[in-house]
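J.: The lines below spell out each chain.
Number of protein chains: 2
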Amino acid sequence: MSTPAKSGTSRRRLPREVRETQMLDAAVVVFSRWGYHSASMDEISDGAGVSKPMIYAYLGSKEDLFTACIRREGGRLMEAIAGAVGEVSRPDEQLWHGLHAFFRFVLDYRDGWIVLYRQARVQGGAFAEEIAGMRHQMILVVAQMLARAGCAEADSTPTAYALVGAAEALSDWGLEQPDVTAESLTDRLMDFAWTGLGRLGDR
Amino acid sequence: MSTPAKSGTSRRRLPREVRETQMLDAAVVVFSRWGYHSASMDEISDGAGVSKPMIYAYLGSKEDLFTACIRREGGRLMEAIAGAVGEVSRPDEQLWHGLHAFFRFVLDYRDGWIVLYRQARVQGGAFAEEIAGMRHQMILVVAQMLARAGCAEADSTPTAYALVGAAEALSDWGLEQPDVTAESLTDRLMDFAWTGLGRLGDR
Chain A
4 MSTPAKSGTS
14 RRRLPREVRE
24 TQMLDAAVVV
34 FSRWGYHSAS
44 MDEISDGAGV
54 SKPMIYAYLG
64 SKEDLFTACI
74 RREGGRLMEA
84 IAGAVGEVSR
94 PDEQLWHGLH
104 AFFRFVLDYR
114 DGWIVLYRQA
124 RVQGGAFAEE
134 IAGMRHQMIL
144 VVAQMLARAG
154 CAEADSTPTA
164 YALVGAAEAL
174 SDWGLEQPDV
184 TAESLTDRLM
194 DFAWTGLGRL
204 GDR
Chain B
4 MSTPAKSGTS
14 RRRLPREVRE
24 TQMLDAAVVV
34 FSRWGYHSAS
44 MDEISDGAGV
54 SKPMIYAYLG
64 SKEDLFTACI
74 RREGGRLMEA
84 IAGAVGEVSR
94 PDEQLWHGLH
104 AFFRFVLDYR
114 DGWIVLYRQA
124 RVQGGAFAEE
134 IAGMRHQMIL
144 VVAQMLARAG
154 CAEADSTPTA
164 YALVGAAEAL
174 SDWGLEQPDV
184 TAESLTDRLM
194 DFAWTGLGRL
204 GDR
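Sequence order for the protein chains is A and B. With the working numbering, letter number 118 in the first sequence gets 121, and the count goes up by one each step, no holes. With the working numbering, letter number 184 in the second sequence gets 187, and the count goes up by one each step, no holes.
Everything labelled a hint here was simulated from the structure, so no lab data went into it. Don't be surprised by glycine CBs; every beta carbon is placed ideally from N, CA and C. One or more of the hints may lead you astray.
Distance windows between CB atoms, simulated [as the list claims (entries may be wrong)]:
no.	chain 1	residue 1	chain 2	residue 2	range
1	B	Glu132	A	Asp49	23 to 33 angstroms
2	B	Pro56	A	Lys55	42 to 52 angstroms
3	A	His139	B	His40	52 to 62 angstroms
4	B	Thr184	A	Pro181	41 to 51 angstroms
5	A	Leu143	B	Leu17	42 to 52 angstroms
6	A	Leu143	B	Asp190	48 to 58 angstroms
7	A	Gly136	B	Pro18	42 to 52 angstroms
8	B	Gly78	A	Pro181	27 to 37 angstroms
9	B	Gln180	A	Ser43	35 to 45 angstroms
10	B	Gly52	A	Asp28	53 to 63 angstroms
11	B	Asp190	A	Leu17	32 to 42 angstroms
12	B	Thr184	A	Glu20	31 to 41 angstroms
13	A	Leu17	B	Glu82	53 to 63 angstroms
14	A	Lys55	B	Glu82	46 to 56 angstroms
All chains, full assembly: derive it from the sequences and hints.
T.: This is how it looks when you write it as structure tokens:
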């Protein structure tokens with residue numbers, strides 16, 4: 004057991020990485036709820052349990068903080084997808100696992116997804132460009148996956164656009180449903196994109 | 004042949020509806036290019052060949068003008084889809100014709116689509132709500148079409164979300180291609196959503 008004084012000291016001495024994680028966690032929640040302009044740095048510092056000057060010292064301006072949130076959440080999403088796809092080799096399994104990782108991110112890191120997909124895009128400018136870059140990267144990865152699945156070279160990019168758009172829009176729906184899971188969203192989208200609506204009557 | 008004076012008089016006497024159409028046409032082009040905030044009322048009045056006070060007198064503030072653009076272009080899109088779907092009865096034909104009308108709007112009224120899909124959404128607030136309402140309406144129409152095509156009641160709404168998202172994202176791609184047509188985009192999306200990627204290897 005440490006004395007209160009020691010405890011206070013050790014709280015101030017948290018490693019920089021841990022502090023930054025706390026600040027980013029709090030910032031993602033607040034930016035998700037209010038958007039970039041309306042988000043209050045006071046609410047973020049309250050949520051992180053640190054002072055506002057400490058946030059500025061660690062992560063820079065509000066703009067820098069928002070950019071850091073976009074990069075962390077976007078990186079997390081991209082890594083989750085790449086990791087999941089790498090685990091399997093059959094094309095339909097790769098697609099299932101990639102979509103599953105995507106929907107798991109949307110549901111597990113709901114605030115992160117809302118920052119990426121809703122709040123950053125509506126800001127325009129550099130934030131929107133950052134998001135567009137990530138989305139382009141995701142479309143490239145999906146196009147490569149589709150090419151391996153037998154999609155003709157000329158078709159893989161437009162089909163990847165369609166698939167990413169379908170997954171994003173299905174997330175809009177999924178976030179409003181009380182009992183949805185990443186598995187059920189993935190199965191839905193596979194029914195749509197892999198099996199095809201034309202076969203629905205056959206079942 | 005009229006004298007210059009008469010010609011000037013008749014130009015000022017254009018019916019209100021024609022004047023408003025000219026103003027909206029010019030506004031859609033300028034809002035598409037620059038977005039709501041950066042669009043200049045001077046450029047709009049130049050494009051419409053009328054004075055700025057006349058625009059304010061006819062259509063109200065810049066905000067009112069942007070709202071009028073959203074409503075006209077959104078109404079045009081919805082009517083095009085409803086009209087195309089009403090022409091045929093087989094579910095796969097309805098889907099093809101509905102998607103075709105959608106892509107034809109995107110390509111033929113490119114500026115209108117950009118105002119609806121890119122510029123209005125990034126404004127947030129009342130503009131984004133207007134767009135969200137139209138999109139919700141479109142998803143409802145698509146869900147009804149899918150239900151008629153044999154889609155189970157519980158699946159038709161999420162599948163409509165996925166389909167609308169896929170069509171929007173494919174439009175992003177299509178607008179960057181030099182030689183794309185509404186037919187080719189429709190066929191692509193039908194390959195994806197109706198036939199299913201799982202069948203691609205069979206062909």
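J.: It remains to establish, for every hint, whether it holds in the given structure.
T.: These are the hints, each one checked on the structure:
1. A C-beta distance of roughly 30 angstroms is found between B:Glu132 and A:Asp49, which places it inside the suggested range of 23 to 33 angstroms.
2. One distance hint, 42 to 52 angstroms for the beta-carbon pair B:Pro56 and A:Lys55, holds here, with the actual separation near 47 angstroms.
3. Against the hinted window of 52 to 62 angstroms, the Cβ-Cβ separation of A:His139 and B:His40 comes to about 25 angstroms, which falls outside the hint.
4. Against the hinted window of 41 to 51 angstroms, the Cβ-Cβ separation of B:Thr184 and A:Pro181 comes to about 42 angstroms, which satisfies the hint.
5. The beta-carbon spacing between A:Leu143 and B:Leu17, approximately 51 angstroms, falls within the hinted interval of 42 to 52 angstroms.
6. Between A:Leu143 and B:Asp190 the beta carbons are some 23 angstroms apart, a value that contradicts the proposed interval 48 to 58 angstroms.
7. Separated by about 48 angstroms at the C-beta atoms, A:Gly136 and B:Pro18 satisfy the suggested range of 42 to 52 angstroms.
8. As the Cβ distance of B:Gly78 to A:Pro181 is approximately 34 angstroms, the hint placing it in 27 to 37 angstroms holds.
9. Between B:Gln180 and A:Ser43, the C-beta spacing of about 44 angstroms keeps the proposed range 35 to 45 angstroms intact.
10. Separation of B:Gly52 from A:Asp28 is about 55 angstroms and conforms to the stated range, judged on CB atoms against 53 to 63 angstroms.
11. A hinted range of 32 to 42 angstroms for the beta carbons of B:Asp190 and A:Leu17 is inconsistent with their spacing of about 58 angstroms.
12. The hinted window of 31 to 41 angstroms between B:Thr184 and A:Glu20 is violated, with their beta carbons roughly 53 angstroms apart.
13. At about 60 angstroms, the beta-carbon gap between A:Leu17 and B:Glu82 stays in the expected band of 53 to 63 angstroms.
14. For the pair A:Lys55 and B:Glu82, the beta carbons lie near 52 angstroms from each other, so the given range of 46 to 56 angstroms is met.
Checked against the numbered hints above, the structure breaks hints 3, 6, 11 and 12 and satisfies the rest.
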